[in-house]
Amino acid sequence: MTGLLKFFGLVHAGISDNKFLWLLIAGFAVFPIVTQLVDLPFWNDVAMRIMLLGMAAMGLNLVLGYGGMVSFGHAAFIGIGAYCVGIGQYYGLMNGWAHILLSVAVCASLGLVIGYLALRTTGIYFIMITLAFAQMLFFLFVSLEQFGGDDGMSIDRAEFLLIDLYEPLRLYFLIWVMLAIVALLLMFIVRSRFGVTLRAIKSNESRVEAMGLVPLHFKITGYVISAVICGLAGSLFASWQEYVSPDIMHWTRSGELMIIIILGGLGTLAGPLLGAIVFLLLEEFLPLMLGALVPAYAENWMVLFGPLLIMVVLFGRGGLVGLIDSKILPHLGLGKTAVK
Amino acid sequence: MMTNPVLELRDITKSFGALTATNNLSLTVMPGEIHALIGPNGAGKTTLIQQIYGALKPDSGQVLLNGRDLTGLSVPARIRAGIGRSFQISNVLMDFTVLQNGIIAEHARLGQSFRFLQPAFSNPQLIDGAIAILDRVGLSSRADTMVSDLAHGERRMLELALAMAASPSLLLLDEPMAGAGPDDGQRMTEIIDGLRGDVAILLIEHDMDAVFRLADRLTVLVEGSVIAAGTVDEISTNQAVKTAYLGDED
Ligand SMILES: Nc1ncnc2c1ncn2[C@@H]1O[C@H](COP(=O)(O)OP(=O)(O)OP(=O)(O)O)[C@@H](O)[C@H]1O
Ligand SMILES: [Mg+2]
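Protein sequence lines correspond, in order, to chains G and E. Sequential numbering of the first sequence, starting at 0, is according to numbering that gives the first Met the number 0. Sequential numbering of the second sequence, starting at 0, is according to numbering that gives the first Met the number 0.
Chain G with its partners taken away, still in its complex shape (with noise of 0.2 Å):
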């Protein structure tokens, strides 16, 4: 068994991370049975929209926080999932599987070209180029007025071979097994040759080089994982929303992903999860708790959205994650444990 751990890389370094991880998945499993007994179904549904952005954010992660890319068009993959959905079923393809194999690989071939073009250029104006594609993608929606342009197009929940989603809870687990998937993948990635190239990359690009790598080839590769992963949380985002638009790829959501990631943990597994939890939680509280306050400001709870997350950046540094291992654990008397 210890044999297995190891091989797995779970009793190395790292372990605290990854047991955070799965402490949180963990957690969403059984999460509709607390709804169940406090008898508050809606919370599935903010569940379900957490693990699902929480798994769009762990996609990215792998580029911004290992490889240290800042793409700031990912929305656009999580777009282009969801419309493999809403157009294949316009077309007559019902089976959701079918859905998800298209859309991996028209979101492989996607991320592979902008990959290769963007990843040509660094810093302002690699950020720069993967929104002027997410753009580009945004409005080729809009003017679709064949898949609803503007107005978008409702979509039914897909069919799985022996999984109804319209019975309760079906899509709700469909959702969490395929979070687990996509946390076991990343959990080999980011600790495997290369993971750790891709972080190196992120060091010291020039180092790698003279190692007789070719960064490009890693960074494109990592890309392509990424673009991949937001593609099945669009498809799956589809079928929770039964509703596609071109709102789904809108560049804000390019940028709540990024906060999510930042908010969590930037390059930990763990992080993309947790902050798409707070994340979520708190654009559900807030204004519930500031209009119970002072109800003339309720709208206006992005002033206090704002500045909380300035807080957790500048002192949380390494996120929530981060803050938890530094700060809480400790006191806890489990002593730090590294998140590296």
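Keep in mind that the hints were calculated from the coordinates and are not lab data. A virtual CB, placed ideally from N, CA and C, is assigned to each residue, including glycine. Check each hint, because a few of them may be wrong.
Claimed, not checked - Cβ pair distances, simulated, as ranges:
hint : chain 1 : residue 1 : chain 2 : residue 2 : range
1    : E       : M93       : G       : Q35       : 35 to 41 Å
2    : G       : G148      : E       : T12       : 58 to 64 Å
3    : G       : I309      : E       : A131      : 43 to 49 Å
4    : G       : M93       : E       : F115      : 29 to 35 Å
5    : E       : D127      : G       : L168      : 46 to 52 Å
6    : E       : P39       : G       : L215      : 36 to 42 Å
7    : G       : L183      : E       : T70       : 43 to 49 Å
8    : E       : M93       : G       : L307      : 30 to 36 Å
9    : E       : M93       : G       : Q145      : 49 to 55 Å
10   : E       : G71       : G       : H216      : 17 to 23 Å
Assemble the complex: chain G is given as a structure, and chain E with the ligands must be docked to it using the hints.
What follows is chain E with the ligands alone, placed relative to chain G:
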């Protein structure tokens, strides 16, 4: 019997605008030889290394490694062809431990960097390989130290270890002692001395004691041109060199 040079530079010229940084320069480095390249600041030493390494393209001339013309090859391709390099400003993976630096160099050497499943840093074969890489410069006792916590001289030694990781046929060392204290400089000199015979070395160094101790042959560069080349004895008695360069020393 004739031996072929490891590195042969043929009539290399490189200009930046009006400035000729490399002027019709030819030079050879023989197998197992330590060839020192000296010259005042701005003489064009780093620029020459960059052209051998592939980061800069010469305007004209050829770089041959073991008889093979490297023209058109990228930096990583030249590394795989047998070049190792340390930089004037130390260039290592700061956010990793010493051992992790070695592990990444090891799987790069083995061409295994595109593997996605097994964790890299706990792989026993890679750890063994990395330890062997670090042992060359006596750094394996510091394996678990973060590179950012290393003394500057130790970082220079790590960089040398990484440059040697793939057992290159040519090592380009751009001021390997720069920034290291006298003790580390001394250790570095001994380590480079120990590499003599295993690998051909083109060494840029301002520390004349180290150069005179290490170099089998010397090339003196001033304003992009070779003003003298020969053995240590020949160069140290050369009048042109004395006035142009060594004169400044004392
Ligand atoms: N990319 C560049 N563009 C323009 N000029 C350059 C460039 N790189 C180097 N130079 C100039 O070329 C000349 C040679 O520079 P180089 O760095 O090769 O000198 P060096 O011999 O390595 O000096 P040092 O001993 O200070 O390291 C200098 O005058 C420098 O300013
Ligand atoms: Mg220089």
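- Item | Distance restraint evaluation - G/I309, E/A131, Cβ atoms, bounds 43 to 49 Å | This hint holds: roughly 48 Å between Cβ atoms.
- Task: Look at the Cβ atoms of E/M93 and G/Q145 and judge whether their distance stays inside 49 to 55 Å.
- Result: holds, 52 Å
- Message: Looking only at beta-carbon atoms, does the pair E/P39, G/L215 fall within the given range of 36 to 42 Å?
- Response: At roughly 37 Å between Cβ atoms, G/L215 and E/P39 fall inside 36 to 42 Å, so the hint holds.
- Query: Quick one: are E/M93 and G/L307 within 30 to 36 Å, going by C-beta?
  - Reply: Roughly 32 Å apart at Cβ, these two residues keep to the hinted range, so it holds.
- Task: May I ask you to test the hint 46 to 52 Å on the CB atoms belonging to E/D127 and G/L168?
- Result: holds, 50 Å
- May I ask you to test the hint 43 to 49 Å on the CB atoms belonging to G/L183 and E/T70? holds, 47 Å
- Taking 17 to 23 Å as the hint, is the beta-carbon distance of E/G71 and G/H216 inside that range? holds, 19 Å
- Message: Within 58 to 64 Å: is that where the Cβ-Cβ distance between G/G148 and E/T12 falls?
- Response: holds, 60 Å
- Item | C-beta pair E/M93, G/Q35: status relative to the range 35 to 41 Å that was hinted | violated, 50 Å
- 29 to 35 Å as the expected CB spacing between E/F115 and G/M93, which holds or is violated: holds, 33 Å
Going through the hint list in order, the structure does not satisfy hint 1, though it satisfies all others.
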